[in-house]
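Number of protein chains: 2
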Amino acid sequence: MPAAATEPAPPAKARSMQEIIDAAKPSDWRALDPARTLYMELDSGRVVVELAPQFAPEHVANITALAHEGFWNGMSINRSQDNFVVQWGDPEGENEANRKPLGSAKGKLPAEFSRASEGLAFHALPDRDGWAPQVGFVDGFPAARDPEQGQAWLAHCYGMVGAGRDLAADSSTGAELYVVIGQSPRQLDRNITTVGRVVEGIERLSVLARGTGPLGFYEQPSQRTPIRAIRLASDVPAAERSPIEVLRSDTPLFDELVEARRNRRDDFYKRPAGHIDLCNVPLPSRRTPGK
Amino acid sequence: MPAAATEPAPPAKARSMQEIIDAAKPSDWRALDPARTLYMELDSGRVVVELAPQFAPEHVANITALAHEGFWNGMSINRSQDNFVVQWGDPEGENEANRKPLGSAKGKLPAEFSRASEGLAFHALPDRDGWAPQVGFVDGFPAARDPEQGQAWLAHCYGMVGAGRDLAADSSTGAELYVVIGQSPRQLDRNITTVGRVVEGIERLSVLARGTGPLGFYEQPSQRTPIRAIRLASDVPAAERSPIEVLRSDTPLFDELVEARRNRRDDFYKRPAGHIDLCNVPLPSRRTPGK
Numbered sequence: 001m002p003a004a005a006t007e008p009a010p011p012a013k014a015r016s017m018q019e020i021i022d023a024a025k026p027s028d029w030r031a032l033d034p035a036r037t038l039y040m041e042l043d044s045g046r047v048v049v050e051l052a053p054q055f056a057p058e059h060v061a062n063i064t065a066l067a068h069e070g071f072w073n074g075m076s077i078n079r080s081q082d083n084f085v086v087q088w089g090d091p092e093g094e095n096e097a098n099r100k101p102l103g104s105a106k107g108k109l110p111a112e113f114s115r116a117s118e119g120l121a122f123h124a125l126p127d128r129d130g131w132a133p134q135v136g137f138v139d140g141f142p143a144a145r146d147p148e149q150g151q152a153w154l155a156h157c158y159g160m161v162g163a164g165r166d167l168a169a170d171s172s173t174g175a176e177l178y179v180v181i182g183q184s185p186r187q188l189d190r191n192i193t194t195v196g197r198v199v200e201g202i203e204r205l206s207v208l209a210r211g212t213g214p215l216g217f218y219e220q221p222s223q224r225t226p227i228r229a230i231r232l233a234s235d236v237p238a239a240e241r242s243p244i245e246v247l248r249s250d251t252p253l254f255d256e257l258v259e260a261r262r263n264r265r266d267d268f269y270k271r272p273a274g275h276i277d278l279c280n281v282p283l284p285s286r287r288t289p290g291k
Numbered sequence: 001m002p003a004a005a006t007e008p009a010p011p012a013k014a015r016s017m018q019e020i021i022d023a024a025k026p027s028d029w030r031a032l033d034p035a036r037t038l039y040m041e042l043d044s045g046r047v048v049v050e051l052a053p054q055f056a057p058e059h060v061a062n063i064t065a066l067a068h069e070g071f072w073n074g075m076s077i078n079r080s081q082d083n084f085v086v087q088w089g090d091p092e093g094e095n096e097a098n099r100k101p102l103g104s105a106k107g108k109l110p111a112e113f114s115r116a117s118e119g120l121a122f123h124a125l126p127d128r129d130g131w132a133p134q135v136g137f138v139d140g141f142p143a144a145r146d147p148e149q150g151q152a153w154l155a156h157c158y159g160m161v162g163a164g165r166d167l168a169a170d171s172s173t174g175a176e177l178y179v180v181i182g183q184s185p186r187q188l189d190r191n192i193t194t195v196g197r198v199v200e201g202i203e204r205l206s207v208l209a210r211g212t213g214p215l216g217f218y219e220q221p222s223q224r225t226p227i228r229a230i231r232l233a234s235d236v237p238a239a240e241r242s243p244i245e246v247l248r249s250d251t252p253l254f255d256e257l258v259e260a261r262r263n264r265r266d267d268f269y270k271r272p273a274g275h276i277d278l279c280n281v282p283l284p285s286r287r288t289p290g291k
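Here the protein sequences come in this chain order: U and E.
For the first sequence, counting from 1, position 201 maps to 201 in UniProt numbering; every step adds exactly one.
For the second sequence, counting from 1, position 44 maps to 44 in UniProt numbering; every step adds exactly one.
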C-alpha cells in the first residue's frame with residue numbers, strides 16, 4: 001500500500017488566540033450595558049466594572065443607587081492584601097457615628113451567595129474543577145453550578161468584584177467592594193455576594209502598594225488611594241464613556257478560544273496541558289471599532 | 001432515652017491557621033539553606049528566593065554561579081505583565097553583541113521540566129487537580145506527580161520562580177528569571193524549568209507598574225526597576241542575612257493547617273469548601289526566634 005494512502009491528513013493548523021480574536025465577527029462581541037457598568041475614576045485613570053444583576057439583583061440595585069448618588073466620590077481604596085484583594089469604600093464604614101449615610105440605598109440586604117440555575121444560560125466547560133460539580137460562563141462571568149441542587153453562583157477568579165461583609169451573611173450592602181488580585185480564592189464562593197467583574201483597568205488596582213496593617217489595610221490615611229468618583233456609565237455623557245465590548249462567552253468562537261488555551265499549539269509550548277482552569281480562561285475585551 | 005445519651009459529642013473545636021502556626025514546635029520549621037537562598041536587593045528592600053536543586057540541579061548550579069559572580073548586580077526588572085509574571089535579567093539579553101557574559105556559568109543547559117519522582121519525599125494532597133494526576137509538596141515547594149510515568153515537577157503557583165527561555169526547550173540558562181504574580185499559570189508546568197520560590201518580599205515585585213509593551217515588557221529603560229544586587233545568602237555576612245524559617249510541609253501539623261484552610265471553621269465562613277487547590281495552600285515563613 002503506498003504510504004500516501006495510509007498517512008492521516010495533517011490536522012488543520014489550529015488558530016492562535018490572537019487569530020481567533022481577529023477573526024471574530026461583530027456578533028461575537030457584546031457591548032457593555034451602561035446601566036450596569038461602573039466607572040471608578042482614579043488619578044491613574046479609569047477602572048471599568050461590569051455588574052451582574054442576574055446573580056445579585058439586590059446588591060446591584062444598591063450599588064447603582066450608591067453610584068448614582070455619588071456615594072463613593074472622595075472616598076478611597078483602603079486595603080491591598082498581596083495575592084488576595086484590593087478593597088474600597090468608606091474609610092469610616094466601621095464607625096457607626098462617622099460613616100456616610102447610604103442615601104436611597106438600603107441598609108440591609110439579603111445574602112445573594114447563589115441563585116437558582118434555572119433561567120441562566122450556563123455555558124459549561126468540560127474541564128473538571130475541584131471546587132464545584134461544574135464550572136463555565138454566564139453572560140461572560142466565570143460561574144459554577146450544582147446540577148443536583150439546581151444552584152449557580154459566580155466564581156472568585158482574578159478581577160471578580162464582591163461585596164465585603166461582616167460576620168453575618170446578610171451584612172453586606174454593596175457600599176464596601178473588593179476585587180480579586182491574586183490566585184483565585186474560590187473558598188469564598190457561596191460565602192459572600194459577588195457582584196461583577198473588572199473588564200478594564202485592573203492593573204490600576206493590582207499594583208497598589210500592599211497595606212501593612214492586618215488583612216492588608218493601610219495603617220495611615222495618607223497611604224490610601226483617593227477615589228475621584230464612581231459613576232454609572234449611564235450617568236456619564238456619551239462622549240466620555242469607554243466604548244467597551246466583551247467577547248461573548250456562549251459562541252463557537254469562544255469555545256475555539258478556550259481550546260486554543262487548553263491545548264497550546266504554538267512553538268513555545270512543548271506539552272499541551274489538556275486542561276484549563278475556569279480562572280485561567282481569558283475574557284477578552286476591546287474598544288468598539290469606530291468609537 | 002434521655003437526649004443526653006443520643007446526642008453525639010460536639011466535635012473538638014478545630015484550631016485556626018494562626019493557632020496552628022502558634023502551636024508549631026521548633027521541629028515543625030526548617031531554616032533556609034544559605035547556599036541555596038538568593039537575596040535580590042532592590043531600593044524597596046530584599047526579596048528572598050529559595051532554590052530547588054532537587055528539581056533543577058543544572059539551573060540552580062548556574063544561578064548560584066551567576067549570583068556568586070555578581071552577574072545581575074546593576075541589571076533590572078524588565079517585565080511586569082498583569083496577572084502573569086514579573087521578570088528580571090540582562091536587558092540586553094536578546095542582543096548577542098551587547099549582552100553580559102555568563103562568566104563561569106554554562107551557556108547551554110538541558111531542559112529540567114520534570115524529573116524521576118523516585119527519591120523525592122512527595123507529600124500528596126488528597127484534593128483533586130485538573131492539571132496533574134496528583135499534587136502535593138516536596139520540601140515546601142508545590143509540586144505535581146504522575147505515578148504512572150514516575151515523573152514529578154514543580155507547579156506554577158503564585159510566587160514560584162522559573163527560568164525564561166526562547167522557543168527551544170533547552171534555551172534557558174537561569175540568567176533570565178521570572179516570578180508568578182497572578183492566577184497560577186499551570187499550563188507552563190513541564191514546559192519550562194522552574195527553579196524555586198519567593199519566600200519573602202513577593203510584594204516588592206507584585207506591585208511593580210505593569211509594562212505597556214508586548215508581554216508586559218517596559219517600553220522605556222527608565223521604567224525598569226534597578227537591581228542593586230542578587231547574592232547568595234552564603235556570600236552575605238551572617239549578620240546581614242535574613243534568618244528565615246519555613247514551615248515544613250511534611251508534618252501532621254502542616255496537614256492540620258491544610259485542613260483548616262480546606263474547611264474553614266471560623267465565624268466568617270458559612271460553607272466550608274471541602275476542597276483546596278494546591279496553589280491556595282499557604283506556605284508560612286517566619287523570622288527565626290531570637291535572631
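I should point out that these hints are in silico values taken from the structure, not numbers from a laboratory.
A hint or two may mislead.
Chain copies aren't distinguished; within one or between two, either way the pair holds.
Simulated crosslink set (PhoX-like; lysine-lysine; CA at most 25 Å straight-line) [unchecked claim]:
#1 LYS106 - LYS291
#2 LYS270 - LYS100
#3 LYS25 - LYS291
#4 LYS291 - LYS270
#5 LYS25 - LYS100
#6 LYS25 - LYS108
#7 LYS25 - LYS270
#8 LYS108 - LYS291
#9 LYS270 - LYS108
#10 LYS270 - LYS106
Do the hints match the structure? See the list:
1. With identical chains, the CA atoms of LYS106 and LYS291 are never at most 25 Å apart, being 37 Å at best within one copy and 52 Å at best between copies.
2. Proximity of LYS270 to LYS100 under the C-alpha cut-off of 25 Å is found in neither arrangement, the shortest distances being 56 Å within a copy and 29 Å between copies.
3. Within a single copy, LYS25 and LYS291 get their C-alpha atoms as close as 17 Å, which meets the 25 Å cut-off; across copies the closest is 63 Å, which misses it.
4. Taking CA atoms no more than 25 Å apart as the test, LYS291 paired with LYS270 passes in neither setting, with 40 Å inside one copy and 45 Å between copies.
5. Taking identical chains as interchangeable, the C-alpha atoms of LYS25 and LYS100 are never at most 25 Å apart, the minima being 46 Å within one chain and 47 Å between chains.
6. For a Cα distance limit of 25 Å, the shortest separation of LYS25 from LYS108 qualifies neither inside one copy, at 43 Å, nor across copies, at 45 Å.
7. Taking the closest pair of Cα atoms, LYS25 and LYS270 never come within 25 Å of each other, the shortest separation being 31 Å inside a single copy and 44 Å across copies.
8. Neither within a single protomer nor between protomers do LYS108 and LYS291 lie at most 25 Å apart by alpha-carbon distance, with minima of 40 Å and 50 Å respectively.
9. Taking identical chains as interchangeable, the C-alpha atoms of LYS270 and LYS108 lie at most 25 Å apart only when they sit on different chains, with a minimum of 19 Å there against 53 Å within one chain.
10. Proximity of LYS270 to LYS106 under the C-alpha cut-off of 25 Å is restricted to the inter-copy arrangement: shortest distance 23 Å between copies versus 54 Å within a copy.
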